[in-house]
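Visitor: Required output: the full structure, derived from the provided sequences and hints.
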Amino acid sequence: MALYSEKVMDHFRNPRNVGVIEDADAVGEVGNAKCGDIMKMYLKIDNDTVSDVKFETFGCGSAIASSSMATELIKGKPLSEVRKLTNKAVAEALDGLPDYKMHCSVLAEEAIHAALDDYESRTGKKTE
Amino acid sequence: MALYSEKVMDHFRNPRNVGVIEDADAVGEVGNAKCGDIMKMYLKIDNDTVSDVKFETFGCGSAIASSSMATELIKGKPLSEVRKLTNKAVAEALDGLPDYKMHCSVLAEEAIHAALDDYESRTGKKTE
Amino acid sequence: MKGGTKLDKIYLDNAATTKMSEAAIKEMTRCMNDYYGNPSSLYTVGQQAKEIIEKAREEIAGVINASPKEIYFTSGGSEADNQAIITAAAIGKRKGKMHIVTSAIEHHAVLHALRRLKNEGFEITELPVSKEGIVNKEDVKKAIRDDTCLVTVMYANNEIGTLQPVSEIGAICKEKGVLFHTDAVQAVGHVPIDVKAENIDMLSASAHKFHGPKGIGFLYVRKGIIVSNLIEGGAQERGKRAGTENVPAISAMAVALKEAEAGMKENAKKLTALRDYLIKGLSGIPHSALNGDAKKRLPSNVNFCFEGIEGESLLLLLDDKGICASSGSACTSGSLDPSHVLLAIGRVHDVAHGSLRLSLSEETTKEELDAAIKAVKETVEYLRGFSPVWRDLNAGKLQFIL
Amino acid sequence: MKGGTKLDKIYLDNAATTKMSEAAIKEMTRCMNDYYGNPSSLYTVGQQAKEIIEKAREEIAGVINASPKEIYFTSGGSEADNQAIITAAAIGKRKGKMHIVTSAIEHHAVLHALRRLKNEGFEITELPVSKEGIVNKEDVKKAIRDDTCLVTVMYANNEIGTLQPVSEIGAICKEKGVLFHTDAVQAVGHVPIDVKAENIDMLSASAHKFHGPKGIGFLYVRKGIIVSNLIEGGAQERGKRAGTENVPAISAMAVALKEAEAGMKENAKKLTALRDYLIKGLSGIPHSALNGDAKKRLPSNVNFCFEGIEGESLLLLLDDKGICASSGSACTSGSLDPSHVLLAIGRVHDVAHGSLRLSLSEETTKEELDAAIKAVKETVEYLRGFSPVWRDLNAGKLQFIL
Ligand SMILES: Cc1ncc(COP(=O)(O)O)c(C=O)c1O
Ligand SMILES: Cc1ncc(COP(=O)(O)O)c(C=O)c1O
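Chains as they are written, first to last, in the numbering used here: chain S, 876 to 1003; chain D, 876 to 1003; chain H, 104 to 505; chain R, 104 to 505.
If you are wondering where the hints come from, they were derived from the structure by calculation, not from laboratory data. Fair warning: there could be bad hints in the mix.
[To be verified] In silico lysine-lysine, DSSO-like type, Cα no more than 27 Å apart, as pairs:
| id | chain 1 | residue 1 | chain 2 | residue 2 |
| --- | --- | --- | --- | --- |
| 1 | H | Lys383 | D | Lys882 |
| 2 | H | Lys221 | R | Lys372 |
| 3 | R | Lys158 | R | Lys245 |
| 4 | H | Lys477 | H | Lys424 |
| 5 | D | Lys909 | H | Lys198 |
| 6 | R | Lys361 | R | Lys373 |
| 7 | H | Lys172 | S | Lys882 |
| 8 | H | Lys383 | H | Lys373 |
| 9 | D | Lys909 | H | Lys480 |
| 10 | R | Lys279 | H | Lys112 |
| 11 | R | Lys424 | H | Lys221 |
| 12 | H | Lys221 | R | Lys196 |
| 13 | R | Lys221 | R | Lys240 |
| 14 | R | Lys279 | R | Lys245 |
| 15 | R | Lys361 | H | Lys200 |
| 16 | R | Lys372 | R | Lys469 |
| 17 | H | Lys500 | D | Lys919 |
| 18 | H | Lys196 | H | Lys373 |
| 19 | D | Lys909 | D | Lys952 |
| 20 | R | Lys372 | R | Lys398 |
| 21 | H | Lys198 | R | Lys196 |
| 22 | S | Lys959 | S | Lys882 |
| 23 | H | Lys480 | H | Lys500 |
| 24 | H | Lys234 | H | Lys480 |
| 25 | S | Lys882 | R | Lys299 |
| 26 | H | Lys112 | D | Lys882 |
| 27 | H | Lys373 | H | Lys398 |
| 28 | H | Lys196 | R | Lys198 |
[To be verified] In silico contact screen, one side only, chain H against chain D (beta carbon under 10 Å); selected entries:
| id | residue |
| --- | --- |
| 29 | Thr375 |
| 30 | Ala376 |
| 31 | Val451 |
| 32 | Leu486 |
The C-beta atom is built at its ideal place from N, Cα and C for all residues, glycine as well.
Guide: Written out as structure tokens, the structure is:
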């Protein structure tokens, strides 16, 4: 009955991979302050694999939890797999989100895709 | 705050002059069962004075109390004075009635007037 | 066990309102003390309150075989009735269907809500009832037209206790594709109800009729029906009923309803026996008659007419003897008209004025009923003693009706 | 003293709802146990209940200088607001006056009731407020037209606590012959109100905002104004609000209101000092700003915006630290728009998302506020620590607004 699942609250209270990677190989930022949610993902990429990831988020509890969970889901994963990350996977990994908060998981997906796009345009490589 | 004044309840619980005068000199009946109130007044008249009075009433608490009070107000009174009995006097003597029960005091007035009319038509005398 | 001080009164007006159960009072008090947070708040104290109302919603839904999302909390039966009716009317209006079928014996909450719709251009068909006070399902079938948007027929009548053929009407409405609302304020917690099996689209209930608190009730609306707001404002009740949630009352209502459900079978059996005992006792009064069907009635309801006397004076004198009763529709409203329900079952005005409703609770005892029967007998006799109507009846100037 | 278990929480959401006072809980319990009779019944048990509600009506009327016949009990503030508005609309419609003046910062109960009227053909003028959140009385004067049937401006705002120039607006409406309603849900029991002196025609109140029970409130309507029913049915509340009277809640509301009145002066003084202490403390957070006027506000209300963070995450983390707060309008409704009140005082979306309302009660202590200030400071700092917005602001990529 609680607003958020235990998982969401855990990732909200103890977000994993918070912060900045100064020399990131890819950066993705989505959302805007007007809507109340901004997510920024920093990726370190070695051998087509996410070797490190950090995030910054301005947003509600589920936005922070979604960012945190998304970083966990892609850390150490090959880019081709990262490309396939969906918002549904993020939400499921969090044991669900309230309907009206699903857009937070969408933002997380988009932030990661934006970072991959950034990587493609920096390197000319394809990630899918 | 109670529905009825103490006076009303007293006259309702212990109605004065209840009953019938078999050899009445005047009888007045008003109201009808459809409306929920019927009052019947029996008068004994000596020397143009109400020497005895009895009533029968089908009706609510305030109808019974109004009949009772009305009989008290006219008992022993000269007919000219009885003629002047108003519903207001009955209601006041009862320390008031709820607005929507005022018609009960009107019925009492009318029952007495009907009895006086009956007396007039029986005797040819004028009562006012 | 009901809570509170035992009055040295014989309370036989449970159809008007009931004493709260001890468990309901306890739950109310618990919530008032410990769960005052706003259920719409994010913090724990608020979320705990939210959990309490959602648990209540689930429990209440369970009792009538609805799903929790189909339950909307209201301030009572009248509000639920009004909201159900404006909901159906709004849907009807959108489709150009402005005809409503109802019965002649509905509660004022339904009656007056419909009267307002009439002023707004709706056409209302008021079905008659049998002399036992029961709607004929064939009449319902015949009354439904292409432009009918709602059938609203109560589950059990509040004055004469008659149970209506709800599941038959539900089946007809389903077949015809017309919304069916039932005012079940007198029935919920007293007789088993299954909104699915009985094809009920909307149902109104009020907690104080089943030993819950006053000022709280609920409206069941089948999934898929778009609910119209009566009270606009905040997003409570999924945006369909604004106002900070009455957490203590909601939870106490659920407690009372669960209790009522648990004891329903046993209580109904016990009450039916008591009811029939009371009916038998009162039938001993000459020129009296039971109002409503002898069998198809709430286990708790007894309603009589006595010829030659008027109801209010009877009630006041019974009160003096410690008996709390009513004349049918509880009302010191200034309306002097006799009950529309008694008129609908064919009681003429003269007789309808002399009605008495005695409604039992699970705590009513045979001894109390013996005292009540004695008191009613004596009082009726006393009042007849100086009733000009009674005199005329006995003198043959008027004809006995009963 | 407020009743119940002491939570080891710091409850600073008294604008959403308050803890019931011990006396109110006691009265509620007393009535639930001993006065369950139906106030519309004839018998003693019912008449006793009637006496209780009429005494409550007198007491409540006294507090706002109304007469008892001008008080109608409702299920809360939302219902009272809705009924006031449909009352004015019905009168307006009859006279062909279909224009209503309101403010941009009304509660949703007023806002949404007016939105519905708009759909029915009424024209609504929404007056702006100053950046301090106060309606300009000259604007009211200018907005009133020949076809204006109602001015509805709240007494005190629920989010930012600003007190509106009610008596000035009252005087204008009186002069112009236009009905004036004020949603005083946040004000009743907290600031002195005199409906006569302030020329208020209609006023809404809700008991749970002044340590009374939930699910009960009242609408004051000046004598002579014909009240429209929101809930149709029985003859309760002189035929203007159907439903079996909620005796325990009505009486407990009166008890709470009398208590509030008795302590009002002293509490206001104490709270104002605490409020200003809290404002001072929070002002120490860089790039923050008080919302609403610093002086013309409820003694209990503090509302801040913090740049670079979002409100919900702030609230959730404060809850973890034992602090119950809200972001302004209590709402997990799914609406993701920032408060219309904050937008109305000129806060842009970016900043409006980062709002925090702390609302005090008479039991709030300086120690609690110290803890709250510390917790807010730490949490804002923590959230800014990984806010991309905050980073951009500091990097000069975005411009600070506050
Ligand atoms: C200003 C204002 N108006 C109306 C309401 C509605 O009151 P209630 O929740 O009691 O219906 C509230 C509180 O929620 C309020 O603060
Ligand atoms: C059949 C019926 N419908 C509706 C109501 C109204 O319920 P409430 O008084 O709780 O609003 C009642 C009782 O008063 C009732 O008996």
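Visitor: Straight-line Cα separation of lysine 196/H and lysine 373/H no greater than 27 Å?
Guide: Not OK: lysine 196/H and lysine 373/H at ~46 Å, beyond 27 Å, violated.
Visitor: For a C-alpha distance cap of 27 Å, please report whether lysine 383/H and lysine 882/D respect it.
Guide: violated, 37 Å
Visitor: Would you mind confirming whether the straight-line C-alpha gap from lysine 909/D to lysine 952/D stays at or under 27 Å?
Guide: Cα-Cα ~33 Å, so violated.
Visitor: Hey, lysine 221/R versus lysine 240/R, does the alpha-carbon distance stay inside 27 Å?
Guide: Given pair lysine 221/R, lysine 240/R holds - Cα atoms ~23 Å apart, limit 27 Å.
Visitor: Are the Cα positions of lysine 279/R and lysine 112/H separated by 27 Å at most?
Guide: violated, 56 Å
Visitor: Does lysine 372/R pair with lysine 398/R here, judged by a C-alpha cut-off of 27 Å?
Guide: The given pair, whose Cα atoms are some 13 Å apart, holds under the 27 Å limit.
Visitor: CA of lysine 361/R to CA of lysine 373/R, is that 27 Å or under?
Guide: With Cα atoms ~19 Å apart, lysine 361/R and lysine 373/R stay inside 27 Å; holds.
Visitor: Holds or violated: lysine 909/D and lysine 480/H, Cα atoms, limit 27 Å.
Guide: Distance of about 23 Å is within 27 Å: holds.
Visitor: Can the hint on valine 451/H be confirmed by a CB-to-CB distance to chain D that is less than 10 Å?
Guide: holds, 8 Å
Visitor: Below or equal to 27 Å on CA atoms is what counts here, so check lysine 279/R against lysine 245/R.
Guide: holds, 11 Å
Visitor: Holds or violated: lysine 424/R and lysine 221/H, Cα atoms, limit 27 Å.
Guide: violated, 57 Å
Visitor: Are the Cα atoms of lysine 882/S and lysine 299/R separated by 27 Å or less?
Guide: violated, 56 Å
Hint violations for this structure: numbers 1, 2, 3, 5, 10, 11, 15, 18, 19, 25, 29 and 30, all remaining hints satisfied.
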